[in-house]
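For the protein sequence lines, the chains are A and B, in the order given.
Note that my numbering has the first sequence beginning at 1, numbered continuously upward.
Note that my numbering has the second sequence beginning at 1, numbered continuously upward.
Note that these hints are calculated values from the structure, not bench results.
Some hints here could point you the wrong way.
[Claimed, not checked] A few chain A residues that face chain B, going by a derived Cβ cut-off under 7 Å, partial list only: (1) Gly237; (2) Asp239; (3) Glu242; (4) His247.
Cβ coordinates follow ideal geometry from the N, Cα and C atoms, glycine included.
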Amino acid sequence: MGTPEVRVNADAVARPVTLGRVAVVAVSLTVVLLAAMLLGLAVGSSGADLQSLLNVLMLRNTGDPTLHTIVWQLRWPRVLLAVEVGGALSLGGLVFQALLRNPLAEPYILGTSGGAAVGAIIGILLGLSQFPGVSLTAFAGSMGALVLVMMLASGKAVLRKDSLLLSGVMVNAFCSALILFFVSTTQDARLHNILFWLMGDLSRADPDQGLRLAAIVLPCAAAVFALARPMNLLLLGRDAAESLGVHVRRVSWGLLVVTSVMVSAAVCGSGLLGFVGLAVPHLLRLILGPDHRVLVPACLLGGGAYLVVCDALARWIPRQGEMPAGVVTAMIGAPLFIALLRRSAR
Amino acid sequence: MKEAAVVQDVSVSYDRDEVIRNLTFSVRMGEFFIIAGPNGSGKSTLLKTLAGLLRPSRGRISLFGRSLESYGRRRLSHTVAYMPQTVPLDFPFTVAEVVLMGRSPHLGLFQLEGRTDMEKAREAMERTHVAHLAGRPMDRLSGGERQRVFLAQALCQEPRLLLLDEPTAALDLKHQVHLMDLLEELRGDKEITIVMVTHDINLAAMYGDTVLLLKDGRSVSLGPPAEVLTFDALEAAYGCVVLVDESPLGRFPRITPVPRRYLGKD
Numbered sequence: 001m002g003t004p005e006v007r008v009n010a011d012a013v014a015r016p017v018t019l020g021r022v023a024v025v026a027v028s029l030t031v032v033l034l035a036a037m038l039l040g041l042a043v044g045s046s047g048a049d050l051q052s053l054l055n056v057l058m059l060r061n062t063g064d065p066t067l068h069t070i071v072w073q074l075r076w077p078r079v080l081l082a083v084e085v086g087g088a089l090s091l092g093g094l095v096f097q098a099l100l101r102n103p104l105a106e107p108y109i110l111g112t113s114g115g116a117a118v119g120a121i122i123g124i125l126l127g128l129s130q131f132p133g134v135s136l137t138a139f140a141g142s143m144g145a146l147v148l149v150m151m152l153a154s155g156k157a158v159l160r161k162d163s164l165l166l167s168g169v170m171v172n173a174f175c176s177a178l179i180l181f182f183v184s185t186t187q188d189a190r191l192h193n194i195l196f197w198l199m200g201d202l203s204r205a206d207p208d209q210g211l212r213l214a215a216i217v218l219p220c221a222a223a224v225f226a227l228a229r230p231m232n233l234l235l236l237g238r239d240a241a242e243s244l245g246v247h248v249r250r251v252s253w254g255l256l257v258v259t260s261v262m263v264s265a266a267v268c269g270s271g272l273l274g275f276v277g278l279a280v281p282h283l284l285r286l287i288l289g290p291d292h293r294v295l296v297p298a299c300l301l302g303g304g305a306y307l308v309v310c311d312a313l314a315r316w317i318p319r320q321g322e323m324p325a326g327v328v329t330a331m332i333g334a335p336l337f338i339a340l341l342r343r344s345a346r
Numbered sequence: 001m002k003e004a005a006v007v008q009d010v011s012v013s014y015d016r017d018e019v020i021r022n023l024t025f026s027v028r029m030g031e032f033f034i035i036a037g038p039n040g041s042g043k044s045t046l047l048k049t050l051a052g053l054l055r056p057s058r059g060r061i062s063l064f065g066r067s068l069e070s071y072g073r074r075r076l077s078h079t080v081a082y083m084p085q086t087v088p089l090d091f092p093f094t095v096a097e098v099v100l101m102g103r104s105p106h107l108g109l110f111q112l113e114g115r116t117d118m119e120k121a122r123e124a125m126e127r128t129h130v131a132h133l134a135g136r137p138m139d140r141l142s143g144g145e146r147q148r149v150f151l152a153q154a155l156c157q158e159p160r161l162l163l164l165d166e167p168t169a170a171l172d173l174k175h176q177v178h179l180m181d182l183l184e185e186l187r188g189d190k191e192i193t194i195v196m197v198t199h200d201i202n203l204a205a206m207y208g209d210t211v212l213l214l215k216d217g218r219s220v221s222l223g224p225p226a227e228v229l230t231f232d233a234l235e236a237a238y239g240c241v242v243l244v245d246e247s248p249l250g251r252f253p254r255i256t257p258v259p260r261r262y263l264g265k266d
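Chain B extracted, bound-state conformation (with noise of 0.2 Å):
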């Protein structure tokens, strides 16, 4: 059993829209898998299916050789762990009791947080680099700050898939690069397989293993950055023109946008 996820001729609707049409692909265990593709193109939509929070209207989604369906609510989340693009927390919760929050799948019905968890909290914060917050209200954090404290969260949770939606949308350069590193990091040395969304296609090149190249929902392209980031699949999805060549950094294709002040008038 190699894959983590198998999805098969998915769709997904919301009320009468088809928003992710007949998808078929798979994710490898120990993966980074990158959902990229414009707005509106169904990344979100196709990682909340996957992470069981959405029906598919056709098809079938199995996640290690079990189909998803038959994962409950509970055992689903002890497998996967879902990082939404942003958490709605207005109530003034400390950084370690959002952390431990993640081992609430762990927990019986009336059953507190035991030392193990207390442990297992405490080695997320320090593996994303918050353990110093570990007492900071969650309002007075920056969006840096925030986004690691959802990732302990997520790590707290023990899954063996973890679903990141756009996590680094609100961050700047800098925050950007350490939030990708740190996930590079995790997939290296533990079991995690990670599939995320982003709309960053340099982002998608620098980091995946496999990108998913989505428009209107269906499948531009799919496989190793340097063959998925081309000139053409670009095009088709973004629907504009870029500049494709390789990075000075490696074997990966750095993406430049290009101004229209730059293209020939016809």
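For reference, chain A alone in the conformation it holds in the complex (with noise of 0.2 Å):
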């Protein structure tokens, strides 16, 4: 304690927010997404060989047709869903942290995923289709789930920490409440379409829910991106944010609206994938540091790659058929957090 520990570890000097750094790390992380993405498209049961693999991916025409329809018909929808959705829930995760100013947050604790699946449910029960009309459902319950939340935490203890935690943890069990009501009362063919829901899944994408669904994340992730030096001196607590010239309610209230409306997007289209917000941001936080300038951008490629290659997994680890990709997310996930959380505990 008495004389001051002369230790200068010159890396984390050295690692000011230039405008250099935040394209390293984009450009990096875009390869890795690309490199990801490549995976995701050559994983399949089709079992071809790598060369006519590779004819396709390269968009030559000697390839065998009936590939070329599997590679760009149904695997490239599902590779475009798992990047915008991963991208879409790591960057929630992220930014529930930071406004939660706990590093062990993510999006379901605010119960926006138990809204998105009551609403969800609800609407295969009432028997829409995929969407508009389940999507919508979902998107309403999730949005539910958030007034609901803000007013359980209402008044000036919304942006307590606390508050903002507990009620997320109640509306989310009286979701888990009603979701089990809904599976326990459903005996049909819907049950099946629910449980996969649950578990989360992105075998059921389409081309136009990738484009619809990156319309919604791309502009919600520009908007987050723009708050991200705010959101660092969010962490100093409200009063010492607000006296660094940020407008703690109006910011917070921005963050939360359009990560809710990106992360209810999500999961309307994958159904719950549980720790990709949590572990993605932890794990980038810890190799990148804690600035959100950084770690914005870096998120949105990281956990876009991140479930590209978790469903990949999903389709390779079974023998036949596959599995949903949430249970990969979870199984790689809360190990991983773990781990995370022990290393940082010491």
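Both chains are sitting in their own frames, so use the hints and assemble them into the complex.
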């Protein structure tokens, strides 16, 4: 304690946020994302050999047309959906962690996913189509949950972290009860649909869905990026952030709404994928440091790559058929998260 | 214009409770102004009101000749720095990164910190003696180091008025004196006015130019330490018996709380 220990970590000092650094991070993670997408396009149950696969991927017309159809009609929409959903969920996790000033928070904690699940299940039970029917009920459900959380944590307390957290937990618990109720009263084929959705499933992606989701996720991500520096300051607490010139209330609400729109859109497309919003931001923070001006683009790209790989694993691991991607994200995410937790505790 | 802050008949309420009642005082430019008083006397509320974080329910505040309300958030952040009692930072920022955040009010939406900002951060870190810790993560600092880092952040903001909420509360004796010396030094050679909240009346006596003694949101007394920190005023504010004599160090009072065993049984 007495004499100051002079041991300067050169790496840490030399990590000011410059345009160059943001660009390097963005470019390297784009490369990772592209590699993951290639993997996602290549993995599947068709059993094609590498050469014909390469032909198809290079858009050469020499490959066999069936494989061409499989890769570009079946796998491509799915990979695209995984990129967008993974990016949106990771970014959502990052934002909630900043808002709650808790590195262990994630989108699900605010009830966004629980609400979306209830909405989607109601949609499925009503026999609505995947789009726009179920998507809209899921969206309405998540926004409903958000409003409920806000009302529970209302007034001055809304931005205090424990009140928001507790309200989220309560709303989530209530949503779980509703879900179990619906599941227990459903017996026909729709049950299978619901269960798959609850486990997080990317297999029903269609090309339009990718475009629709991109139209929501990209503007939301841009808005979050614009608020990246205020997000850094929010971590200092409400008063300190405010006195550093941040309109805390405005910024927090803005982030909350934008993120909820983005996350619920993602949840609509994919069902419940756990731990993506937890594992990816945490991992990237360990590597890149906690500055949001770097982390926002990093989470968008890294989260996309992560989910594409998880989905590829979900198709590749089982001998027959496939399993829902949510099983993989949870099976990788949960142990990884525990490991990170132990490491950061030391 | 010699007043850094003028507070006129100000009341502040939390919900229905009036925490600050009809306070009137002013802070001269370049002054070391200390707000003292027992727990729950409204010290922190008053400081937050000066920082523009709470709105007075009645009365007027002006800073440097301009009404507080007429400052926007951003403009206010160029003028006033506020250092809360504790900063709940659970994220692995380094010291240099935290200090650089102080430059934020001076940057545009997408503007990144430039060479000047880095220079100012380094200067601020040197002033508060944390430059050697620049690359250290915040969670590996002692309490005293942490407070000096947040002080550097506040200095980096280049405020004319520095508001500090119990900056010495969590510090041991050495670091308390160190921090207070540092503040005195800052006040001395920069054009900066310091308003500090503390419940440590001896620190108030040793370092304050002016002391405002609060109880239940009202002013008990206001003036130079020697006039304010008297037996009667302290008994009225704290409701306990203290001895007040002159400090062996010079012309400021020394306050000694008296344990009950030394008081007569009546």
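Against the structure, the hints come out as follows:
no. : hint   : result
1   : Gly237 : 5 Å, holds
2   : Asp239 : 5 Å, holds
3   : Glu242 : 6 Å, holds
4   : His247 : 6 Å, holds
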